[in-house]
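Enquirer: Line order of the protein sequences matches chains A and B. Under our numbering, the first sequence is numbered contiguously, ending at residue 290. Under our numbering, the second sequence is numbered contiguously, ending at residue 301.
Hints are computed from structural coordinates only; laboratory data are not their basis. The C-beta atom is built at its ideal place from N, Cα and C for all residues, glycine as well. Among the clues, some could well be false.
Simulated DEER-style distance windows between Cβ atoms [what the hints assert, rightly or not]:
id	chain 1	residue 1	chain 2	residue 2	range
1	B	T65	A	I266	43 to 51 Å
2	A	L20	B	W208	53 to 61 Å
3	B	I167	A	I266	25 to 33 Å
4	A	A185	B	P13	17 to 25 Å
5	B	G38	A	R117	22 to 30 Å
6	A	I266	B	P13	24 to 32 Å
7	A	P207	B	L147	45 to 53 Å
8	A	P52	B	I201	51 to 59 Å
9	A	A10	B	P217	40 to 48 Å
10	B	A212	A	K151	51 to 59 Å
11	A	R39	B	V41	40 to 48 Å
12	A	A235	B	Q190	30 to 38 Å
Calculated cross-link-like contacts (lysine-lysine; reagent style DSSO-like; alpha-carbon spacing at most 27 Å) [unchecked claim]:
id	chain 1	residue 1	chain 2	residue 2
13	A	K144	B	K105
14	B	K267	B	K51
15	A	K176	A	K144
16	A	K176	B	K105
17	A	K151	B	K105
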Amino acid sequence: MQQRARLRLAVIYIGAAAVLLGTVGPFLWLVSSSFQYERQLLNIPPQWLPNPIVLDSYREIFEGAVLGEESGVPYQSRIFLRSFANSFFVAGSVAAIAVLVGAYAAYPLARLTFRGRSVLLFGILASRMIPALSLAIPIVLVAKRIGMSDKIVTLVFINLSFILPYVIWLLQSYFKTIPIELEDAGRIDGCSRLQVVHKIILPLSLPGLTSAGILAFLLTWGEFLFALLLSETPASYTSTVVVSLFATDVDVSFVSIITAGVVSVIPPIGFALIFQRFIISGLLSGSLKG
Amino acid sequence: MQSKIAETRKELPQGMLAIFFSAPAVLIIAATILVPFGMAVFLSLHNWNLKRPGRERFIGLENYTDWLTDSDFWEPLRTTFTFAIGAVILILAISLLIALLLNEKFPGRGVVRAMLLVPWAIPSVVNALLWKWLLDPNYGLINAVFLELRLIDSYQAWLGNMPGVMIWLVIAYSWIHIPLATLLLLSGLQTIPGDIYESAIVDGASVWQRFAFITLPLLRPMLSIVIIFEMIFALKVFDIIFVLTAGGPADATNVLGWTIYTETFRKLDFGAGSSIAMLLGAITLALAILFYVFLDKGVEQ
């Protein structure tokens, strides 16, 4: 029996090692590449670990942002930091507004009985299924006509509407887990519905609100299609757009491209690892029927 | 769900309250999803090309009949399904294996589960960039490793020909989609009570029998959800195509998402682009309804 248990553990750890290699391996290779000289990247066979650790490509990004054309670094490197800030602004605003607006919309779905409730629920689910590409065409057309293209506010608004259904779905399932007796007690004490939401539901839903906010931030951070179609100048480029400008340009050095990729995933990967519990619970309840 | 106390004070009826609470969200969603959807339908019924302004006119279903009789629709449709089915099979197979592993108790399990979030958090565009580097025909790591393992004689241009390009596209796409599928399947596995397995062991069932006759049937609702969920996502694929292959080589990875993009934003034919987008939308929506039905069944069980 002892031997069987040992065999079981050996099989498990071999599997676990394979999973770890498969999940973080490719990303670590990207990080390792970003700290090498361009000529080292062109070595055959490749060099696994950077030696020495080279920070040139990271410095390029900062110098390019500060000095502009004088720095002599590629165009993409010069505009990268600005796009990074744009991404923060868009994802942060979307997360904050989506949680605020979504929480009010989620409450009646979780607690009230009214005609059209199931229609609203189905509408919210169905709106998550419409391919963004089919909506992108009229949205871009209208945005250009009314002079809202190439504006960061437009990106916030558009992303918001694609994230909201997800956030509402997640929050209404979270609200349902709060014991109704707590709400009843509040109402006996004379709270209005709005006060019930403010004083009982929202404070007790802090973990749910956190998951929703972080997921909204991460999904918006990675959004590409609308960011691509609704931006024309660096003023409204997000980091995914600049990464795509890097990746599709054959004239930029490998190391600059790779570094841009690494820097642009620091926020999402950092958030994901720091808030892993919130994210896992949010992903599970957001993807399933709550 | 209904509160047990009677209305203790004068208050708006629940329907009014619901409208009041959900109005901001519904207005935002309507403005950017429902209205554009209506406009997309409108555009799809018109001859609407930005290269020829002033010639816009209603042409009924002509855009649709044009597509449906054109190999420029059927070929990308086939490519889209080839890609989507490949991706769903790969995602399902790998995530089921990882979920079964993580369903076992062992020290370090939490770390492995947390690391799943690394690929999950990587935006699809950065993922495309990562694989472009891994697959580089001259300096890529995959070439180096495969050569070292003697799987190839010389460096290959993996994205340069069929079927290699499709296989690698599926792998690259699946890499960031496996984690969510794994977490979903794992949560499904954890709802299966342990004593079922114990009594099966007493009855002398082998590992394989336990998997085939207990795990798979009980996991079926969750498996259906993951399959349809991933299918809907894969049919809409665009980002990774944009960076990694641009539909090439020679249209080998020209999926519907890419056709819609080139038709609309390169040829500026908004009518043709909208109608093919509607066709993709209809296919996806049909699957979404299936998803909803399965979901209801899944919860009942």
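Enquirer: Hint by hint, note whether the structure agrees.
Expert: Each hint, compared with the structure:
1. T65(B) x I266(A): 43 to 51 Å: 50 Å, holds
2. L20(A) x W208(B): 53 to 61 Å: 26 Å, violated
3. I167(B) x I266(A): 25 to 33 Å: Given a distance of about 31 Å, which is inside 25 to 33 Å, the answer is holds.
4. A185(A) x P13(B): 17 to 25 Å: 23 Å, holds
5. G38(B) x R117(A): 22 to 30 Å: 24 Å, holds
6. I266(A) x P13(B): 24 to 32 Å: Once the Cβ atoms are compared, 50 Å apart, the range 24 to 32 Å for P13(B) and I266(A) is violated.
7. P207(A) x L147(B): 45 to 53 Å: 49 Å, holds
8. P52(A) x I201(B): 51 to 59 Å: For I201(B) against P52(A), whose Cβ atoms are near 57 Å apart, the range 51 to 59 Å holds.
9. A10(A) x P217(B): 40 to 48 Å: Violated, since A10(A) and P217(B) (Cβ atoms, about 29 Å apart) do not stay within the stated range.
10. A212(B) x K151(A): 51 to 59 Å: 56 Å, holds
11. R39(A) x V41(B): 40 to 48 Å: With a Cβ separation near 55 Å, R39(A) and V41(B) fall outside 40 to 48 Å, so the hint is violated.
12. A235(A) x Q190(B): 30 to 38 Å: The hinted range 30 to 38 Å is violated for A235(A) and Q190(B), with Cβ atoms some 48 Å apart.
13. K144(A) x K105(B): The given pair, whose Cα atoms are some 56 Å apart, is violated under the 27 Å limit.
14. K267(B) x K51(B): Holds - the C-alpha atoms of K51(B) and K267(B) are around 8 Å apart, at most 27 Å.
15. K176(A) x K144(A): Violated: K176(A) and K144(A) sit about 42 Å apart, past 27 Å.
16. K176(A) x K105(B): Cα-Cα ~31 Å, so violated.
17. K151(A) x K105(B): Judged against 27 Å, a Cα distance of about 50 Å means the pair is violated.
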